[in-house]
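Undergrad: The sequence shown begins at 10 in the numbering used here and counts up one residue at a time.
The hints are simulated quantities; they were obtained by calculation from the structure and are not laboratory data.
You may find that some hints are simply not true.
Straight-line C-alpha distance at most 25 angstroms; calculated PhoX-like pairs for lysine-lysine [said to hold, decoys possible]:
(1) K86 / K326
(2) K511 / K86
(3) K86 / K57
(4) K525 / K511
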Amino acid sequence: MGGIAAIANGPGEVDGWRWAYYILGIPVAIAAIAAFFLKEPQRGRWEKEDVLGESFTEDDPLPVSLDAAFSRLMRIKTVKSVVLGFSALGFGLFTAPVLENLWLEDKFGLESFERGAWATAAGLFTVLSLVYVGPKFDRLWRENPTRTLQMIGALIGFSAIFKPIQWAMPTVPLFIAFSIPTLVMLNTAFAMVSPVMQAIVPYRLRGSGTALITLYIFFIGGTGGGLISFMFADSWGPRVTTLVLTIPSAILGGWIMYRGARHVRHDLSLNVQELFDEQDEQRRATGDDEVPALQLNNIDFSYGPVQVLFNVAFEVKKGETLALLGTNGAGKSTILRVISGLGIPQRGVVRLGGRTVTYTSPQLRSRLGIQQLPGGKGVFPDMTVRQNLVMGAYIHRHDSADVERRIASVLELFPDLERRQGQRASSMSGGQQQMLALARVLLHEPEILLIDELSLGLAPTVVQDLLELIERLQERGQTIILVEQSLNVALSVADRAIFLEKGQVRFEGSTEDLLKRDDLARAVFLGRDGG
């Protein structure tokens, strides 16, 4: 870059550096655009062959939601440690080269070509070190993955030692010479952390994982460091500003990653477990076994630091009604959030008809057929019944004939609502409002119907009317997952039941078998301490 700037140099060197960025940047931009036209590689091929001994592809994989991907990635403890560590490191990482360049110009009077030549000479040592480090890293990773990330953290932390020595040097050769250990350590750490991230991140999220760490390093670290150096460089000078930024950021970033190394083996084991699970599902899909309408496997979920679901796993067959039972706070409604995409699990897989939907958005899951009747208020009280239904069919608004067909279909199922189309929802009883809320959900003709607390706060006669509607849906082959506090209500319509306690599945089986378990029945009726 310095050579290009020197050759194309204009007044005040401005044009020279501008041309350097043009000449080197434009080809990169062209290559980046061309990358969009490359064929997408088979994701996860190599780890499948390495772990499973075979590779397979998912038919018509669903797009990954960035929101879901980032949420899942930041729940992987190793990834979180690396991201936070490099974010801290970024405050000094990008500021130091700029200030060193200014120091070489102001202190030692070097021209652009000379600065570029010295930087290139120092960079050669980095390239040579990578030739040596590569095989060593590969062997260490296979023997002890934890030590690999510990070494990365140590390299970053110890790189801070040479900065004060470098900036105390009186001559250019010594200044450059003492920059080499720092360059070698940091570039070695950078080279090693990329394969670590590739191994830790689930293969479906690999592109998002790379984008996440790049975003944190450049946006948080690079921008933050640039702003701080801008504020203090004029007052303190390049030397003090560099030392104040680089030493704390390197020590903090290295310490975060060193401590995060203790999670590496656990996170790797979760990836391996998911690969074996995916292999089993692939074999089931190509065999004679029936693929379930919905499947949850090994689901862990937390609200912040509080984990509320622990290794939850179950399947729902097509046309089956499954009741989720348990005391308050057992995690029933959280499971519905995970299924609908409103909550992203920190571990585990959600499949719809054999297709992985774990990382898809709630909007896409809705279009795929997962619809939820939320607990509590599910209508617009100031709108009429008709307006509520039209609003409920909003995503189908581009086909007015289809909207009318859907509304007519649900009104046939709810004749009482048909007679009240002009009535405001707020003037109807609680049971009628619940019917309207259910009608709004059924407008979307769901594959999986999630119902949260169908009978909450309703009179027994109203509940009976709602149960008759559920039975009519069952006759149509509707797949239903029902969360209920009332054991009688749930078991009157459910084919199977799952009992949850403190986020764990305590019982899964037929409703008849559940009725034989007096301890679980009392827990639902009275709470764990009741009776």
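Undergrad: With reference to the structure, classify each hint as holding or not holding.
TA: Do the hints match the structure? See the list:
1. Between K86 and K326 the CA atoms are separated by roughly 34 angstroms; this puts the pair beyond 25 angstroms, and the hint is violated.
2. Simply put, K511 and K86 have alpha-carbon atoms about 23 angstroms apart, close enough for the 25 angstroms limit, and the pair holds.
3. Restraint check: the Cα-Cα separation between K86 and K57 comes to about 23 angstroms, which is no more than 25 angstroms; the hinted pair holds.
4. The straight-line distance between the Cα atoms of K525 and K511 is roughly 21 angstroms, inside the 25 angstroms bound, and the hint therefore holds.
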